[in-house]
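S.K.: In the order they appear, the protein sequences are chains A and B. According to the numbering used here, the first sequence is numbered sequentially starting from 1. According to the numbering used here, the second sequence is numbered sequentially starting from 1.
No lab work stands behind these hints, which were simulated from the structure alone. Remember, predicted model here, so these are calculated numbers, not experimental data. Among the hints, erroneous ones may be present.
Unchecked claim - Distance windows between CB atoms, simulated:
| no. | chain 1 | residue 1 | chain 2 | residue 2 | range |
| --- | --- | --- | --- | --- | --- |
| 1 | B | H29 | A | H92 | 41 to 51 Å |
| 2 | A | L87 | B | S109 | 41 to 51 Å |
| 3 | A | A8 | B | K40 | 13 to 23 Å |
What the hints assert, rightly or not - If you want the footprint, here are the derived chain B segments under chain A, 3+ residues with CB under 8 Å:
| no. | region |
| --- | --- |
| 4 | 8-22 |
| 5 | 31-42 |
| 6 | 61-74 |
| 7 | 95-109 |
For every residue, glycine included, the Cβ atom is placed at its ideal position computed from N, Cα and C.
Number of protein chains: 2
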Amino acid sequence: MEEQVGRAFVEHYYHLFDTDRSSLASLYHQSSMLTFEGQKLQGVHDICSKINQLPFDKCHHLISTIDAQPASLAGGIVVFVSGSLQLTCEEHPLRFSQMFHLIPTPQGSFYVQNDIFRLNYG
Amino acid sequence: MEEQVGRAFVEHYYHLFDTDRSSLASLYHQSSMLTFEGQKLQGVHDICSKINQLPFDKCHHLISTIDAQPASLAGGIVVFVSGSLQLTCEEHPLRFSQMFHLIPTPQGSFYVQNDIFRLNYG
């Protein structure tokens, strides 16, 4: 089950990121945390400000691997992604790894409680 | 707090891995899960069999980054590590990323509930 949820979430997340970054706000809550290249942010407002202000206009995420596991008896899921990020301003794609800790909502979907992103330097 | 716990855990984990791999059994429980390069394992026995049977004798983990966040109100912590793995049989170190979801024990320490490991291919 967690594999299907993880894959569906990841495809949805990066589709929004690549097409309408501001709409990612719907996937975070007030308690959510993002660590982006070592910078810690908390809450929908600060997280989405960071994402919206990243210094590139267009990007395309290409996913290499998705691993998912149940994180708790309460229905949480941890998802670990590796892939590459193609920016229009850069010739070569950037390799990245990212993890998400997803928490189920009463409405039957999931929100991101924990999000940690790192570029992989070779 | 979670930064200190994350760093202490990561240093302890890779020290054991590099000096006495079999002793890592103490850090996993029956409910623990490991996904190693896409292969899913559950429980202390299966996880430690996998780790002990990795096809190299000696290795050295060099840590590049450690990011940690509280994962729940119950005291869980997610830790995200990037680094490189030097094998005695390989000239070049292998870049990796790994995440841990740590759960507090009644004794005041932590065990690994979720562990996902991936090599980063360039």
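S.K.: According to a criterion of three or more residues whose C-beta lies within less than 8 Å of a C-beta of chain A, is the region 61-74 of chain B covered?
M.R.: holds (count 7)
S.K.: According to a criterion of three or more residues whose C-beta lies within less than 8 Å of a C-beta of chain A, is the region 31-42 of chain B covered?
M.R.: holds (count 4)
S.K.: Can the region 95-109 of chain B be counted as covered by chain A under the rule of three residues or more with Cβ-Cβ separation shorter than 8 Å?
M.R.: holds (count 4)
S.K.: Is the hinted range of 41 to 51 Å satisfied by the C-beta distance from A/L87 to B/S109?
M.R.: holds (43 Å)
S.K.: Counting residues of the region 8-22 of chain B that have a beta-carbon nearer than 8 Å to any beta-carbon of chain A, does the count reach 3?
M.R.: Result for this restraint: violated, n = 0.
S.K.: Do the Cβ positions of A/A8 and B/K40 conform to the proposed distance bound of 13 to 23 Å?
M.R.: This hint holds: roughly 18 Å between Cβ atoms.
S.K.: Given a hinted range of 41 to 51 Å, is it respected by the beta-carbon distance of B/H29 and A/H92?
M.R.: Given range 41 to 51 Å: holds, Cβ gap about 42 Å.
Of the numbered hints stated above, the single one contradicted by the structure is hint 4.
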